[in-house]
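**Q** So the chains spell out like this:
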Amino acid sequence: MEAWRVLKEEIEAQIALTSNQPDQDILDVFKYSISKLGAGIPHDDQIFSTWFYGAPDVTYAADWIYFLIELARSGESYSMPALHKMAKYWFVHPSHFGEYCGLFQQYSFTKRIDRMLDTLDRDSFIELLTVFRSYIMNINAWIYQYWPWGVSYAVPRKDRAYYEKGLELLSQ
Amino acid sequence: MAENWKMLQQEIDAASERAVEECPDDMLRVFEYDIVRTGAGTGRLMMGPWWEGATSTRYLGSYYIFNIVKVAQDMNISAEQIRQLVNLMLPTALGTVELCDISDYARFTRQTIDCINEEIDDREDMLSLLNSLWFYGSAANAWCQYRMKWGIGLSFKVNHRDDLIYMGSRANEAFERWDHEKKEEN
Amino acid sequence: MDEPRFIIRWPELNKQVRVGPIDRNRKLFDWFMENLPARCIQTTTVVAGLSVNMQFIRMNKTVCDWIQEDMELEYIHEWPCGRGFMFMTAGNVAHLCFKVDWVTEPLAYPTFCEVIEEDKPILKEVGWFFWERLLMEKETYHVEFIREEDT
Amino acid sequence: MRSFIMRWPELGLGVRCKGLDINQAAFDIFVENMPTKALQGHEMVGGWLLRDHSILFNRKPFDIPKVELSTENMDQAPVGRISFLRPQGRGAELLAKYDESVDTREYIPVAQVVPEDLEILKKAGREQWKATTRTREIIFVEFVKEDA
Chain A
177 MEAWRVLKEE IEAQIALTSN QPDQDILDVF KYSISKLGAG IPHDDQIFST
227 WFYGAPDVTY AADWIYFLIE LARSGESYSM PALHKMAKYW FVHPSHFGEY
277 CGLFQQYSFT KRIDRMLDTL DRDSFIELLT VFRSYIMNIN AWIYQYWPWG
327 VSYAVPRKDR AYYEKGLELL SQ
Chain B
979 MAENWKMLQQ EIDAASERAV EECPDDMLRV FEYDIVRTGA GTGRLMMGPW
1029 WEGATSTRYL GSYYIFNIVK VAQDMNISAE QIRQLVNLML PTALGTVELC
1079 DISDYARFTR QTIDCINEEI DDREDMLSLL NSLWFYGSAA NAWCQYRMKW
1129 GIGLSFKVNH RDDLIYMGSR ANEAFERWDH EKKEEN
Chain C
-19 MDEPRFIIRW PELNKQVRVG PIDRNRKLFD WFMENLPARC IQTTTVVAGL
31 SVNMQFIRMN KTVCDWIQED MELEYIHEWP CGRGFMFMTA GNVAHLCFKV
81 DWVTEPLAYP TFCEVIEEDK PILKEVGWFF WERLLMEKET YHVEFIREED
131 T
Chain D
1325 MRSFIMRWPE LGLGVRCKGL DINQAAFDIF VENMPTKALQ GHEMVGGWLL
1375 RDHSILFNRK PFDIPKVELS TENMDQAPVG RISFLRPQGR GAELLAKYDE
1425 SVDTREYIPV AQVVPEDLEI LKKAGREQWK ATTRTREIIF VEFVKEDA
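Residue numbers (the working numbering), protein chains in the order written: chain A, 177 to 348; chain B, 979 to 1164; chain C, -19 to 131; chain D, 1325 to 1472.
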């Protein structure tokens, strides 16, 4: 079987797993605040900035791959070498940071896609990236599940009346 | 007709010069004073506008415009391809930037898209305008990052090996979670 | 003949350091020097380990004509404090960082300059000062870049 | 007009959803992929919307070109609207509007909860809001065809 089909099957297996439960990386980083490669630790030993910057590389990777597939499907306006290079710029290079934040599974898939990019024709490029996008969307769903939304119950949106009352209190 | 895009570029460049000096109102509003005039922020929670606002601001500039400018230089793509990339990629992040009330950057971006679609055909002019927008976007990204309430993070400590070992050793002492969460969560 | 250098100055703190080229990516150093003087606001990194972060420096005279990935890269967690690198730089916009202290991020970037040994303690001092301000006070601090010969 | 059921086993709630006179091909592809299941989430910027960040098309890929899909801004959509976001190939995001929304972004409407089930939908929305922001309870949503 071709290398990309072997990888596709492994990604499918992770899609099946993460459709029902969070995977190890999600639990490690977003539920149990484990920093596996040291992200955030030099900055007062906190995990919040790792969440804040590591998670969007998942959320937006799904968008970048959506765009790359749209470009690959838009006829010949982009050659395969051009699409391979754009894939590197748009989602491979930014993904290094995701590994550092602890999303090892996603990055191991990304590295394997990167290594075989030059061998992919248009159809296999679309098919492999399509499956990878679904995997990333599953991971993103779990990130949104564990994100600390509740902290901003203490910091709600404010309006004019709020600040007018504040001014009044300040001027007493 | 004075070319609108040059007037837009001047406006963006002027806003950029101000952003070198001080924090734009958009970032003060959302990240300092918790004001979102669009009413965004479900349930009045600011975490959505903070996180998705800062993130969409960063990706609008640092991944979409930055990479378009980069591939234009590296792969010599045509004016038509630049237009295609702009129309395909920018609107997605722009919608969130706008909804999170980062209004100047949203307006500049929307007007840049309009100019590239309706007024500019020359490739270098497109890149010149995108360059100006990319500079302003970098400034907006820097200010979002600087103004974000990082102090919150000081209460979310990393769990180190000793923490986890201790927690594991005390697991039997923990009060059980509500029954309906007993299912397969590992 | 001494190597050319530039000065990084923090006007609000009345502090500055001298920065010279290193044994790699001289093209980036010369491009940066060519476009000075320049000014930006000062922020810091928040995940990787402390670097001072100058995210939008206008390169007015000449456009960036190189691609980051094609430059000679070094792993930031291995190189000395005080070394500077370009991050997402394109067009007329430079994004510059200087490693201040302990970094755990194992990523590779194009380094091209370094604070001279004598001035490294100043960089460490101002670096941590900016991290503290980022946590609450958030006053605005500027950072200026001037060619040493022009001072 | 074909319909499907959107239900939340953990909450014991379910609503009937009917197709629209627009984007019918998209509705058909979605139904053809049923039954399907996803982690239920919530929209955190645009207002009172249930949001599934990952809907999977495991049987029939979504192959309708973007230009052939009509869109609407969520703040203009009626309560009960079911919409896709970036449907393509094996996946999409799905949103269900259960109360007010200020969301000016564009979505692809594909179905509408029947009027008599809107209160049930709102109850599910409120339960998910509490789970997302406070209890972190894990709630799944299921989509099943409803044979006539």
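Honestly, the hints are just simulated from the structure, not real lab data.
Any given hint could be a false lead.
Stated by the list, open to error - To be clear about the criterion: a stretch of chain C counts as covered by chain B if any three or more of its residues have a C-beta under 8 Å from a C-beta of chain B, and this derived list gives those stretches:
#	stretch
1	13 to 22
2	62 to 74
3	82 to 95
4	108 to 122
Stated by the list, open to error - Just a sample of chain B residues kept apart from chain C, beta carbon distances all over 10 Å, derived:
#	residue
5	1129
6	1135
7	1139
Said to hold, decoys possible - Each computed BS3-like pair below joins lysine-lysine, with the alpha-carbon atoms no more than 30 Å apart:
#	chain 1	residue 1	chain 2	residue 2
8	A	184	D	1447
9	A	264	D	1390
10	A	341	C	-5
11	A	287	A	212
12	C	-5	C	118
13	D	1454	D	1384
14	A	212	A	264
15	D	1447	A	207
Every residue, glycine too, gets a C-beta built ideally from N, C-alpha and C.
**Q** Next, verify each hint and record whether it holds.
**A** Do the hints match the structure? See the list:
Judged by the Cβ-Cβ criterion of 8 Å, the stretch 13 to 22 of chain C is covered by chain B as claimed, because 3 of its residues qualify and three suffice. Beta-carbon proximity to chain B at under 8 Å applies to 5 residues in the stretch 62 to 74 of chain C; the threshold of 3 is reached and the given coverage holds. For the stretch 82 to 95 of chain C, the proposed coverage by chain B is not satisfied: 0 residues have a C-beta within less than 8 Å of a C-beta in that chain, short of the threshold of three. With 6 residues having a Cβ less than 8 Å from any Cβ of chain B, the stretch 108 to 122 of chain C passes the three-residue criterion, so the hint holds.
Look at residue 1129 of chain B: its CB is around 5 Å from the nearest CB on chain C, not clear of 10 Å, so calling it non-interface is violated. For residue 1135 of chain B, the condition that its CB be more than 10 Å from all CB atoms of chain C holds, with the nearest at approximately 15 Å. Against chain C, the non-interface label of residue 1139 of chain B holds: every CB pair exceeds 10 Å, the least being about 15 Å. Restraint check: the Cα-Cα separation between residue 184 of chain A and residue 1447 of chain D comes to about 39 Å, which exceeds 30 Å; the hinted pair is violated.
Under the criterion of a C-alpha separation no larger than 30 Å, the hint pairing residue 264 of chain A with residue 1390 of chain D is consistent with the structure, at around 24 Å. Of the supplied pair hints, the one linking residue 341 of chain A and residue -5 of chain C is violated, its CA atoms being roughly 41 Å apart against a limit of 30 Å. Taking the CA atoms of residue 287 of chain A and residue 212 of chain A, the gap is near 19 Å; set against the 30 Å cutoff, the hint holds. Proposed proximity of residue -5 of chain C and residue 118 of chain C is supported: the alpha carbons are some 18 Å apart, at most 30 Å.
Distance hint between residue 1454 of chain D and residue 1384 of chain D is unfulfilled; the C-alpha atoms sit about 34 Å from each other, more than 30 Å. Proximity of residue 212 of chain A to residue 264 of chain A is assessed by CA-CA distance (about 25 Å); at most 30 Å being required, the pair is judged to hold. In summary, the hint linking residue 1447 of chain D to residue 207 of chain A is supported, as the alpha carbons are separated by about 27 Å, within the 30 Å threshold.
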